[in-house]
Amino acid sequence: MIRMSEKSTIPFGPQHPVLPEPIHLKLIIEDEKVVEAYPAFGFVHRGLEMLVKKKDFNQMVYVVDHICGICSAMHGQAYCQAVEELIGIDVPERAKYLRVIWAELHRIHSHLLWFGLLADAFGFENLFMLSWRIREKIMDILEATAGNRVIISVNVVGGVRRDIDSEQARWLLDELKEVEKSIKELDKIMRNNYTIKQRTVGIGVLTKEEAYMLGTVGPVLRGSGVPIDMRTTGYAAYKDLDFEPIVEKDGDTYARTIVRVREMFQSIDLVRQAISKIPEGELNVKIKPNLPAGEAISRVEQPRGEVFYYIKSNGGKYLDRLRIRTPTFANLASLLHMLPGSTLADVPVLVLTIDPCISCTER
Amino acid sequence: MITSREVKLEEIEKEAKYYYNNGYRFVTETCLEEESKFRIIYTFEKGYQLYSFHVYISPTEEVPSISKIYFAALPVENEIHEMFGVKFKNLVLDFQGLLFLGEYAPISPQASIEIMRRSKGDKNE
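As they're listed, the protein sequences go chains S and C. Quick note: the first sequence uses the working numbering, first residue 1, plus one each step. Quick note: the second sequence uses the working numbering, first residue 1, plus one each step.
Certain hints may be false.
To be verified - Restricting the straight-line Cα-Cα distance to at most 30 Å, the calculated cross-link-like pairs of lysine-lysine (DSBU-like) are: (1) S/Lys55 - C/Lys37; (2) C/Lys68 - S/Lys208; (3) C/Lys14 - S/Lys208; (4) C/Lys68 - S/Lys33.
No wet-lab data here; the hints were simulated from the structure. In this text, all values refer to a predicted model and were calculated from it rather than measured experimentally.
Produce the entire structure from the sequences given, and follow the hints as far as they go.
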């Protein structure tokens, strides 16, 4: 007897073993196949954009640093760059290089965190532990150079508020050698392991055209063969550094994984380049207490992709409007596009393939 | 410096189709409250360059959704509806104001003008 397939509804999240942050998906399935997926958010919504009316533009640096614990330095950087453009000031060269160093360290620890979570999602506990163990080294570097492990709060409007001296830079480079060695081990496992390939190759395929027109950003976009990386626009000190966007062509979860692993090596290289080229000089410039009226946009390549900051000022100490379009918010459309047609067992991998940051999304 | 040109409400879909057909990526929509009106800025990208147009609407006007043209506009327009109370016509998926905010959260918290009226007995009251 042939059994007719029936539709069932399965809730995925907000509390789920593979989810570090709460997101809910209402999955309509037919046998084991997902036919429709409806997301629900709002479990950690904070309304931080609204704080511009209550916190002045300098205090807001501290607020945007706290949007997300994984790419906090880049939130601060994107916000400061927008305000600096509005004011019309150029930050000291040394500050630009320091921003690159801390941003790239954040990219490495974010990708390692994600890699561990992905390994955990398909039951590869050892790889999860290995990945997070390497990440600890980066956290140690952040603590030594910025005073904090997670939210390092180094950016201020006009530059940065901490420096890395030459002795610390030498120690940092030694530590990075160890990190690079460990990531090579991780890379070897990722490229040769049967389990990883079984769970990622051909899963969540986005073609180049789909990824481009869905407004996808970051490693998800580059994993589909689109070489878009905001760092190539040359903000901060990236204009003086030699690098190309990392691109893979297959557009599946495996391709995105390779992009992120290759980006960790690229970030290590960028930190080395930045340390070798960093000029002496001031860390920040003094700014006036009031903003001019006007609008500005800043775009920064975070670990998950481009973050878009829009600010508007009517003059005075407070901004009139702050709008933040985070990379995960941009990648939601691609997630909703990938889920229908997948099997229920692949849903955790698909959710993680975009490296979702719910704190960023809900701001 | 941001350059954005103003379009009329009825031209939004035509403009979005133009951008789509010419290979522009959707970046975002930004809603601003300016005096007693809302300004919605539509931002697209091609070759790292941003292109924008904006529309001014009165609080009671309905805005045609571009989520059928750009699927990525779906969460953005739902968020604007929720935070500012702006109504969008023909959204591909309408979260009915519950994408981010809970049932008992304040309505349109980012707008000083409350344009979504609640009747007595509603969950949101």
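**Report entry** Pairwise hint evaluation, S/Lys208 against C/Lys14, where the allowed Cα distance is 30 Å at most
**Finding:** holds (25 Å)
Requested in this report: For the pair we were handed, C/Lys68 and S/Lys33, check the Cα-Cα distance against 30 Å.
Outcome: OK: C/Lys68 and S/Lys33 at ~25 Å, within 30 Å.
Query raised in the report: Taken at face value, is the distance from the CA of S/Lys208 to the CA of C/Lys68 at most 30 Å?
Result: holds (20 Å)
Query - Agreement of S/Lys55 and C/Lys37 with the hint, judged by alpha carbon distance not exceeding 30 Å - result: holds (24 Å)
In summary, the structure agrees with every hint in the numbered list given earlier.
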